[in-house]
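Novice: These are the residues of each chain, in order.
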Amino acid sequence: MTPPHTSPVQGGDGVELTYNGESVLFPNLPYNLHKRAEHLVEDEKIQRFVNHATLLKDNQRKELIEKVWGREKHNNLRELAGQIKQHTLDHLDYYLEQFIENATKAGVQVHFAKDGDEANNICLDIARQEGLKACVKSKSMVTEETHLLPKLEKAGIEVLETDLGEFILQLDGDAPSHIVTPMIHKDRIAVAKAFERELGAPYTEDAQELTRIAREYLRDKYKTADLGISGGNFLVANSGSLVICTNEGNGRFCTTAPKVHVAFVGIEKLVPSYEHLTVFLKLLARHATAQPLTVYTHMLTGPKREHEHDGPEKMHIILVDNGRTNLLKNPEFRQALRCIRCGACLNSCPVYRKITGHGYGAVYSGPIGAVITPFLKGIGNYKDLPHASSLCGACYEACPVKINLPELLIKLRRDQVDLKINTFTERLAMKGMYLSYRYNTLYKLAGWAQRIALRFKADDDGYIKNAPGPAKNWTRERDLPAPAKNNFRAWWQSRNKGGQA
Amino acid sequence: MSTSKEDFLNHIRTTLGRTQPITTPPTPPAVDDPTVRLTDADQDLTALFVENATSTGMQVTRCTAETLVQSLQQLIGTQNIKSITFNCPSLGELQNEIKASLQNIGVVCEPWENDREMKKHYEVDAGICDVHAALAETGTLVCESGPQHARGHSLVVEIHIAIVKASDILPDMIDLMPRYNEQTPDQLPSAIALITGPSKTADIEGILITGVHGPGQVFTLVVDNL
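Residue numbers (the numbering used here), protein chains in the order written: chain A, 3 to 503; chain B, 20 to 245.
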């Protein structure tokens, strides 16, 4: 059966820039998940890539956890990690103040942004004041949220994403679809074409060669860049440090080569001390990519010192709220801010595997994205997300900080009902169900009507191929056996009276 | 204009249901050693470090103080290294011996000090440096920036050669972190780099490629008796 027509707009050779004219990560709101998801589910190539990559990562993680810790010890460590984060969040005002004081002592200029626009403007102001023209950027989910790049480019600053995946996405006008492996949905042919088109490089599909092309191109940019933008994986309160974890080394380059470094960091990234940081460093890379640590863990405390030889002259940290206080405010959902962005829940999720990152229509995808997006963007704007789950619990098991994601998804569904933002049909159906459970006669009547209707729709072989109403989606993929002529009770009663089954 | 610090903190305070700042420092959950520690001190730390460093993709060789020069020369030869930046203050007298022997085989040692733009690091074939510590747990090198150490040694060069003394090797990351408690924020190095392998990516179809931005090859010489 052909899906509804949602043709993606092609830009460049075979490149998908938007879905039905809508931006990938910033679609029109309220976001309709089903339309886009149908298209993605039918895309054989994306399905193949994402399924292979996520299953591999998920299995590697499980094997490594078994090998390194064993189930019990791992569980204890996760429990500790969750508690440390929860404690920090519960006292966030204290730890933030401590961080600000210490970072300032180290020579960092700390800024405060209540939303994305403010954060972008702070960065633009810094660039303007220092006369900065060429920027190299390492991966930062926060800057995706604030949509920083177009603003910098409009101000006449050349910006290059240096994370290889993000660099390729930028060249190709595409958007990331996974927190950790952003171009999980793309293949090397797309990369080869993009490099040929945008960099004038000779066409090659060899991954090693493609990487070398990117390396040389970006190295030149590091030499001439005057602004380095990064995100932050952790903020250490009692030393004022910023911690950045990368595998490629671009995180180190962007925070070392240019003369000004600006970091965008969400307020939830705080941990109390370096010892507490250890707990998270031991978990992060092992959960994300089954490595003991990312190749580079860069712990930065202020700009270059007088007696040092290299490093930025100025270092700025922009602390970003942008809706995080909505989550902080709600004691039930506060735990969602524990997230250390490892991506393990994405890799474990059967729904993510089907609808893939772009299906969530937001910066954060997967189970964590489904929980936090309604808080960051408005619960009424992403009504489908809490329902895009079978509540299998794989995400909870995968989470290194024990965020009870399935429970939070159920609570979001409850909130939708309380706020009456679920559909009228659903409310009607629930009311009907309540009444039929409440009144036995109604129950019997409903059962009888259902049996009649479904048996009427059945084919001669006793199967319904095309069920009416909400059951329509079920029968798209399967046949529904028609119910028996009489229900169990009637059969039992007639049997006891000596009748036939 | 951006939000002021007071407004920002106040907003968070009220979000958490408080009207006044916290006066007594809260006690975070303790980092319990048995829960966190993966590697004990009573193992053969050098052997464990070598094993784990190798599995990250580093090329590890063991030697002694007496054979260090020879091992370096061999490495220089097989990798066809013509120019280096060199920095191993913790090797003391051995430094001069190493520099002299490398000069003898025609290797040029470039100066690198006080260069914020790291020009020489871009130009040389390899960067040779010592480490501040190494972690047996994960096969990690700890390189701090400081008066005698640049970030560029282990970042910009195509080949990074690290000299690790056996006495540098700590069992577990939990043994490293307390070191930084003694220093105030302005005293801490501006950059502490934990390096666990050569620069890598698997962004293109999950294929593992080394040498993306950081050094594509990391050679580690472990000196057993230092």
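Simulated from the structure, these hints should not be mistaken for lab results.
No experiment lies behind these values; they were computed from the predicted model shown.
Glycine included, each C-beta is placed from N, C-alpha and C at the ideal position.
Among the clues, some could well be false.
Unchecked claim - Result set (DSSO-like, lysine-lysine): computed pairs, CA atoms no more than 30 Å apart in a straight line: (1) K153/A with K101/B; (2) K37/A with K487/A; (3) K138/B with K223/A; (4) K499/A with K139/B; (5) K446/A with K404/A; (6) K118/B with K156/A; (7) K118/B with K413/A; (8) K24/B with K223/A; (9) K316/A with K118/B; (10) K138/B with K316/A; (11) K225/A with K24/B; (12) K446/A with K101/B; (13) K138/B with K135/A; (14) K446/A with K385/A; (15) K156/A with K223/A; (16) K24/B with K107/A; (17) K135/A with K101/B; (18) K118/B with K135/A; (19) K116/A with K24/B; (20) K101/B with K316/A; (21) K118/B with K433/A; (22) K139/B with K225/A; (23) K138/B with K261/A; (24) K459/A with K413/A; (25) K474/A with K459/A; (26) K331/A with K24/B; (27) K37/A with K118/B.
Said to hold, decoys possible - Sample of chain B residues at the chain A side, in silico, Cβ under 10 Å: (28) N29; (29) I41; (30) R135; (31) M137.
Novice: Compare the structure with each hint and give your call.
Specialist: Against the structure, the hints come out as follows:
Note on K153/A and K101/B: the hinted pairing is violated, with a Cα-Cα distance of about 45 Å set against a maximum of 30 Å. Between the alpha carbons of K37/A and K487/A the distance comes to roughly 38 Å, so the proposed pair goes past 30 Å and is violated. Proposed proximity of K138/B and K223/A is supported: the alpha carbons are some 14 Å apart, at most 30 Å. A distance of roughly 99 Å separates the Cα atoms of K499/A and K139/B; the hinted pair therefore is violated under the 30 Å criterion.
Restraint check for K446/A and K404/A: not satisfied, since their Cα atoms lie roughly 44 Å apart, outside the 30 Å limit. Restraint check: the Cα-Cα separation between K118/B and K156/A comes to about 51 Å, which exceeds 30 Å; the hinted pair is violated. Using a Cα cut-off of 30 Å, the hinted pair K118/B and K413/A is violated, with the two alpha carbons roughly 66 Å apart. Proximity of K24/B to K223/A is assessed by CA-CA distance (about 35 Å); at most 30 Å being required, the pair is judged violated.
For the suggested pair K316/A and K118/B, the alpha carbons sit about 35 Å apart, so the restraint of at most 30 Å is broken. This hinted pair checks out: K138/B and K316/A have alpha carbons roughly 20 Å apart, not beyond 30 Å. For the given pair, K225/A sits about 35 Å from K24/B by alpha-carbon distance, which is inconsistent with the 30 Å threshold. About 90 Å separates the Cα atoms of K446/A and K101/B, which puts this hinted pair outside 30 Å; it is violated.
For the hint pairing K138/B with K135/A, the CA-to-CA distance comes to about 20 Å; that is within 30 Å, so the pair holds. Annotation: proposed proximity of K446/A to K385/A is violated, straight-line Cα distance about 33 Å (limit 30 Å). About 19 Å separates the Cα atoms of K156/A and K223/A, which keeps this hinted pair within 30 Å; it holds. Between the alpha carbons of K24/B and K107/A the distance comes to roughly 16 Å, so the proposed pair stays at or under 30 Å and holds.
This hinted pair does not check out: K135/A and K101/B have alpha carbons roughly 36 Å apart, beyond 30 Å. For the suggested pair K118/B and K135/A, the alpha carbons sit about 41 Å apart, so the restraint of at most 30 Å is broken. Taken as a hint, the K116/A and K24/B pair is honoured in the structure, with Cα atoms around 11 Å apart against an allowance of 30 Å. About 35 Å separates the Cα atoms of K101/B and K316/A, which puts this hinted pair outside 30 Å; it is violated.
This hinted pair does not check out: K118/B and K433/A have alpha carbons roughly 85 Å apart, beyond 30 Å. The suggested pairing of K139/B with K225/A holds, with an alpha-carbon distance near 12 Å, which does not exceed 30 Å. For the hint linking K138/B to K261/A, the alpha-carbon distance of about 14 Å falls within 30 Å, and the restraint holds. Distance hint between K459/A and K413/A is unfulfilled; the C-alpha atoms sit about 36 Å from each other, more than 30 Å.
Under the criterion of a C-alpha separation no larger than 30 Å, the hint pairing K474/A with K459/A is consistent with the structure, at around 12 Å. With a C-alpha separation of about 19 Å, the suggested pair K331/A and K24/B falls inside the 30 Å cut-off, and the hint holds. Under the criterion of a C-alpha separation no larger than 30 Å, the hint pairing K37/A with K118/B is inconsistent with the structure, at around 67 Å. Against a cut-off of 10 Å between C-beta atoms, the interface hint on N29/B holds, since the closest Cβ of chain A lies about 8 Å away.
Restraint check, I41/B versus chain A: the minimum CB separation of about 5 Å is within 10 Å; hint holds. Here the hint on R135/B is kept, as its CB sits about 5 Å from the closest CB of chain A, short of 10 Å. Because the beta carbon of M137/B sits about 5 Å from the nearest beta carbon in chain A, less than 10 Å, this interface hint is met.
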